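Student: Assemble the dimeric complex from its two separately framed chains, guided by the hints.
Just so you know, the sequences run in chain order C and U. 6 is the number of the first residue of the first sequence in my numbering; add one for each residue after it. 126 is the number of the first residue of the second sequence in my numbering; add one for each residue after it.
If you're looking for bench data, these hints aren't it; they were derived computationally from the structure. No experiment lies behind these values; they were computed from the predicted model shown. Watch out, some of these pointers could steer you wrong.
Stated by the list, open to error - If you want the ones that stay clear, here's a sample from chain C, every Cβ over 12 Å from chain U, calculated: (1) Lys-103; (2) Tyr-107; (3) Phe-108; (4) Asp-119; (5) Phe-188; (6) Pro-191; (7) Trp-192; (8) Val-201; (9) Ala-202; (10) Gly-213; (11) Phe-269.
Unchecked claim - Pairwise CB distance ranges (calculated): (12) Phe-83/C - Val-363/U: 45 to 53 Å; (13) Ile-323/U - Trp-246/C: 37 to 45 Å; (14) Ser-240/C - Ala-209/U: 50 to 58 Å.
Here a beta-carbon is modelled for each residue, glycine too, at the ideal position from N, C-alpha and C.
Here is how the chains run, residue by residue.
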Amino acid sequence: MRNLWVLISKPDNIPIVGLLFLVILYTWYSLSKALKNDRQGFLDESTLSEKIQVWPNLVRVEFLGTLFVMVVLVFWSFLIDAPLEEPANPTLTPNPSKAPWYFLGLQEMLVYFDPWIAGVVLPTFIILGLMAIPYIDINEKGNGYYTFKERSWSILIFCFGFIVLWVSLIVLGTFWRGPGWYFFFPWEPWDTHRVVALTNIDLSEFFGVHTRSADYSLNPAAFIFGAVLVLGYYSLIPLYWILKKDKSGLLKKLGPIRYNVTAFLFLTMMSLPIKMVLRIGFNIKYVWVTPWFNI
Amino acid sequence: MFKIREKLQQTEVWKSIFRHNYQDTNRNRALQIVDNVFLHLHPVRISRHATNLGFTWGMGGITFLLFIVLTITGVILMFYYRPAAEYAYEDMKYLMNDVAFGPLIRNMHRWAAHAMVITVMLHMFRVFLTGSYKAPRQFNWVVGVLLLVLTLLLSFTGYLLPWDQLAIWAVTVGTNMARATPLLGHEGPFGQQLGMRIDNDVRFVLLGGTQVGPPTLLRFYVGHCIFLPLIATIFMVVHFWRIRKDGGISGPAGNGKE
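Here chain U stands alone, though its shape is the one from the complex (with noise of 0.2 Å):
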């Protein structure tokens, strides 16, 4: 079994693809990250605490995670799913009944959804009480607000899509909030005087109509699927970026530069 192995790790194929082996050195362990494209995000080196859960809590480490798995599952959800009023709910149906391991990946979508809620919001309890927002990371943290709304925002254009009575009622109660916006709102403060009507307010674009329907649920399922998930993508991107750029997890040693 052993001499299979070895006569593998000798091929011209897999040397090509795996540069380093387990060797026990520090530059070979320092080689391992600093050669994989997704492990170098990662410091070669860091402090001990924030390898450990006491500190971190991992909470930012799972709500990452959890959007990979959101991405995955949403895509092959994607599959079965057209966003049309009149399919829509037939086709939830079809996934939930007839669909090989529907209901599973339906599921893990929905409840890794809620889950990155909660996580995030620990995540951001965490950092409050580390006092990790404080110089030189205070940008990452409103970068981190940013990312907690677009959650919150991926969270509720997806509750949409089922077409079912929770999620257009939930939907309805969410936006008749944007009918008060003051300004902008038909009912909202001075709203009516700068001429605001329900077929023209802020609500309106929000749902491309005067009721939730079925351009609403084109609209939520194109911010659900593509908007947000890029704007989110950008915002993590400098979220995890500057987490380096700005020395590294926080700790009472590690407030200067790596």
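Bound conformation, chain C alone (with noise of 0.2 Å):
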């Protein structure tokens, strides 16, 4: 238990706690008005759209919201001082080696795919997805309003990118991952010495195919294997357009660029949460191991 008082009251894991707490606090409450509002058949904000003037209404909220951020920034201020531990020393490595919190969650992406992936692809996937989604959205309803009913998929995918592939993998980096990345409770304290044996194998050597022969050369089959199956991965989306695209209005709407885009950006995010499961529930390390890369 006092590993856990430790790790939450260290200076800079205070804004994660901040941060989980106001996520919660704003996903239920969002969501409550978003129900409110497709209950009671009216919207809560169309009964405050009269025009009012910004002086003296919208300044006086800034201003007192100005002061109120003020002085709990002031009063964090004198309370906690901002760490500074020994000077830099490229020789003598802290165990663990974290990075700052808000990229915690891209650390951890670390455990299940190699950094290519995990510190490149994927963050680079994060960004232009994010800025995509404007263009890829055509649901035109729920605009400027809370709402559940009316975009119900956007919300659910976009709350599962932002707080459980997101926040959570914050809070799992910095509470749950201690020396070696191994995985302790918070409550548990850190055993700097401890050693996990993990066989870890490919997913082709699940199904008894050897990645690689007794000259380390690599195994064409397990190669297919590997290629068969990350290429059919994406090859749902090509596969699910020929199947759907008389029947759906959706498809229609969205036209082929749309689609793919989305199509594709969905899976990458669905190939996060697949491959922890793989990696956590049975030690698979690589999907497809090639030559000059492994997924």
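Tutor: Set out below in structure tokens:
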């Protein structure tokens, strides 16, 4: 239990506790507003749509908000000192070495993917995917008010990405990862000498196909096995298009470009939870091993 | 007391500075906004729901406030800090132990930075949940995503500057990813085939060396204090301008032009 307090009260971890609290509060608050709007048949926002003078109405809110934030910030700064550790020493690596807290979700992804995916490709797709949202979400409803019913899918997918894959991986990386990036409960003392014997295998080996021969050369069968799985995963995109194109009004409205971008981004996002299950549940290291990269 | 104030308000100096008083007419209230360079960012009139904290959470405004706080405290910190490996940590110790209000200024800078990362995320969350990225505000959402990235980069570059163990190892972990960049990193897919080595790949450009060292400190310092704030300011100008041009804050009725 002492360790839990040490972790939570670390000055740099306090923002994460705040973030977690605020995200839960806001999710609950905005969804209850959305459900209320859906249920009552008129919008709360519409009842407040009359025009009012910015001076003093908005200026007053901004002034009071500024006062409030500044009071909180000054108190926070009086009470808790920013950390300053030993001088930088390139020869002394701390264990665990953790990135700043807002990147811990990405660092946690390193458990499941090689650095080129976890550290470069997926972050790039996160940014590009966020930018693409207004252009791939063609649902015109729910513009400028809280609603769940009118755009339930987009809200569910965004909340899954933001809350489950971003915020909770940050919390996991901060509070559940100890020395050697091993899993520790937050209240568990960190044992720096812990060694966990893990037999990591590739997915093909799960089915009896060895990735490498005795002389460490790549087994072509394993290569093909992985290629079929990974390329097959993404070929679900054209397959679904061909099967549903004529029946689904949504696909027609989306059009081929929007559909492909949306489906690609969605499958790429879902590859993370899939790999997490494979890695944690079955000790699977790679799905596809090639001479140039591994997935 | 009131006499003095009245007298003061009649003087030429006062009248040259303050054009309007607190007269309670709509005309005067409108002039308060449009005649003030800071307030004229706002429209004169606004829907009531836009002033409702339950709708906006105030997160965009708080983010901007924190950016201003960070600029002011950051400039003060620059008076005491030299971005060279042999001085940086000593300057931090000096700041924390001997400078009057030094710890307060540094703490405010640090905590405002963390808070800003949180408020940016929550602002994005709110904008998503109210569907405010939809037409005609699509491009402003894109600008907002760029501002999110800039906020993270600002925070990350600032993380190195104390030049303590926490700083260099966090930045080492963060920048180690760059060595695995496809094509451009020496450990990334097809990097070696394209001639990437540890001393010429994208990570080398970021760090100014093969590991986090004195050149990295200078690079991150210049990026943190000059380059990134400048870029962020430009994008913020666009972001705020576009809010006005796209018809003000989003709302069920406010999707047309102002």
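Student: Going through the earlier hints one by one, which of them does the structure break, listed in rising order?
Tutor: Failing hints, ascending: 1, 2, 3, 4 and 12.
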